[in-house]
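Student: One letter stands for each residue in the lines below.
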Amino acid sequence: MAATTLATAEGKRPSARLRRLEDERWLALVLLTPTAVLLGLFIAYPFVEGVLLSLSSARVGDPGQFVGLKNFYKIWNDSIFHTTVWNTFWYTGVTTVFKLALGLWLALLLNRHFRGKAIIRAFILLPFIIPTVLSTFAWKWMFDPTFSVINWTLFQLGLITTRINWLGDPDLAMTSIIVINIWRGVPFFAITLLAGLQTISPELHEAAAIDGARPWARFWHVTWPLLMPVTLVVVLFSVIQTFADFQLVYVMTGGGPANATHLFATYAYQLGIGTGLLSEGAAISLAMFPFLFIIVVAQLLYIRRVETR
Amino acid sequence: MAEVSIRKLNKMFDVTHVVKDVDLEIRDKEFVVLVGPSGCGKTTTLRMVAGLEAITSGQILIDDAVVNEVPPMDRDIAMVFQNYALYPHMSVAGNMAFGLKMRKFAKPEIETRIKRAAAILGIENLLERKPRQLSGGQRQRVALGRAIVRDPKVFLFDEPLSNLDAKLRVQMRVELKKLHERLGTTAIYVTHDQVEAMTLGDRVVVMKDGWVQQVGEPLELYNTPANRFVAGFIGSPAMNFIEATLAESGGAVVAEAPGLRLTLPGPQAARARAKAGRSVTLGIRPEDVHVATASDSPDLCFDSTVEVVEQLGSEILLDTRVGPATVVASVDPTMRIRSNDKLRLSLKPERLHLFDAETEVAI
Chain W
1 MAATTLATAE GKRPSARLRR LEDERWLALV LLTPTAVLLG LFIAYPFVEG
51 VLLSLSSARV GDPGQFVGLK NFYKIWNDSI FHTTVWNTFW YTGVTTVFKL
101 ALGLWLALLL NRHFRGKAII RAFILLPFII PTVLSTFAWK WMFDPTFSVI
151 NWTLFQLGLI TTRINWLGDP DLAMTSIIVI NIWRGVPFFA ITLLAGLQTI
201 SPELHEAAAI DGARPWARFW HVTWPLLMPV TLVVVLFSVI QTFADFQLVY
251 VMTGGGPANA THLFATYAYQ LGIGTGLLSE GAAISLAMFP FLFIIVVAQL
301 LYIRRVETR
Chain S
1 MAEVSIRKLN KMFDVTHVVK DVDLEIRDKE FVVLVGPSGC GKTTTLRMVA
51 GLEAITSGQI LIDDAVVNEV PPMDRDIAMV FQNYALYPHM SVAGNMAFGL
101 KMRKFAKPEI ETRIKRAAAI LGIENLLERK PRQLSGGQRQ RVALGRAIVR
151 DPKVFLFDEP LSNLDAKLRV QMRVELKKLH ERLGTTAIYV THDQVEAMTL
201 GDRVVVMKDG WVQQVGEPLE LYNTPANRFV AGFIGSPAMN FIEATLAESG
251 GAVVAEAPGL RLTLPGPQAA RARAKAGRSV TLGIRPEDVH VATASDSPDL
301 CFDSTVEVVE QLGSEILLDT RVGPATVVAS VDPTMRIRSN DKLRLSLKPE
351 RLHLFDAETE VAI
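One line per chain: the protein sequences are W and S, in this order.
The first sequence runs contiguously to residue 309 in UniProt numbering.
The second sequence runs contiguously to residue 363 in UniProt numbering.
Worth flagging that the hints you see were computed from the coordinates, not collected in a lab.
Here the structure is a predicted model, which means the values were calculated and not measured.
Backbone N, C-alpha and C fix where the C-beta goes; we use that ideal spot for every residue, glycine too.
Certain hints may be false.
[Stated by the list, open to error] Facing chain W, a subset of chain S residues (Cβ under 10 Å, in silico): (1) Pro72; (2) Lys101; (3) Ala143.
[Stated by the list, open to error] Just so you have them, the derived chain S footprint on chain W, three or more residues with Cβ under 8 Å: (4) 193-206; (5) 210-217; (6) 222-231.
Full structure from sequences and hints, please.
Tutor: Here's what the structure looks like:
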């Protein structure tokens, strides 16, 4: 109002367009438009396109036509897809448990006072900082059937007599990529949980110690419940990322041997881009959506409950 | 119910020596207050008694048993922290029950104790609340409750009232005093507030720079401070200090300062005679300075100029200038005095303190 009065006093009326912005409804619309456009263009549009694609018979060089749920019916009966679903859950579940356990352990250690604390904390982050594709190539070298440094070490220690074919055996290949994912993911857990730990007042531990709680009881009754909200958020992020992981498996095994290590993303890529069956690839990608949706909603509800209690 | 002995206690943080040769015998049921400015080592001393801080050298005994290496949970002490340190995820009842659960008390016993403590503190209706739903004063009560239910040998208080507003602080101070009289548990209380120290303590320990300056009952500290620091720290408004020189003149001992010439009264003169010719600090509390009347000996009178008049209702505080020094006097509230008035002041001879200017020790 004051601005309007002033402008009138000077004999210059603000233009009608500018005056309209003083209405909050218009201002909100103007401010929200860029975000809405970006979200629409880069998230909503591709998603809708993906849905349409999965309902068509499109393949490379052929726009195809609407075929309804035929693609979904097809993957429902696809044994590789069954393996993929099982793999993704197994991969996500096992890595998350290990990442949480190891990350928490590291965070608790790093939360103590010792010389060179800052440097160690920085080093811990290294696996997280290095581009996944590069570090995975390094791991690939370590798991290489011929040049594996792991095999060499085990051989030198006298633990094995023949080479282990890490990436050639279905179970070992799965274990290998799980190990790498844990290696890569632990720093994120450790650093985030460490940040959470640092918000817990040391006085609470002192009070608990005086109250008679031994170290384990202090962790279980004070640290763990107070860290729970942070833990849940970290687990949520990690589950989403791991569930949709692509780079690691693509570089290490490409989904092999014999499709034993396919995840949703790699199988969708192989079918959609590799084979050119765009519509089927899209259907597999979309199949990930309901699973993730349920996991995320469940976790968000739980987080809300923890935070308001 | 316990005695606490602190013997030649020292604490070093790397190269910083924060607690120096502290000796203290705390009797059963006694309420001892450690007081001093920040950084004087009072909290560190308390934390060493609690077992939260390692002891560099010396001994701490609770009931004749050395506890130097005993972890906090096995010392049977309870502590009230400055920021209360309530467990934010537990209810009030949960906070109070925690220490008992950890010590494997039976459930009915825990409930009885919580009820009793809650009744004493008037927090029965808060038991189901979470700490964040409580006001500062209520949190303080819960923190006290958590200590009370344990029925420990010793209570430790680390500036428990410093986060409360002035009015609540006075109220809680009275309640703490009542509580101690009722429970009779040995208590060590740390504060930087000398009023709290004076009102709560059976005995008060004044500390500075890690050293114990004086240990005594509140009035003992007030009336016969061991040195200039204690004299200035205890009492509000603070004691006046005037730098002076001692001289013998015709058998009497005279303290001379610019604008001031006082003939020392008998007892002080006897003690100060040996220091004739030396510099001393005169100390006199504001309430022991008054406007001179005909009955006052001229030996103890001096002239001053009023600079500021502070009307407090129950008294008037006069900031007066005597030579280069400022002397605060507490006078009758009915007196009509304005700034720049010239006043002749006098003092109570038996209340005059003398401190060695170099060592600051009382003469």
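Student: Now, for every hint given, state plainly whether the structure supports it.
Tutor: Structure-based check of all given hints:
no.	hint	result
1	Pro72	holds (4 Å)
2	Lys101	holds (9 Å)
3	Ala143	holds (9 Å)
4	193-206	holds (count 4)
5	210-217	holds (count 6)
6	222-231	holds (count 3)
When each numbered hint is compared with the structure, no violation occurs for any of them.
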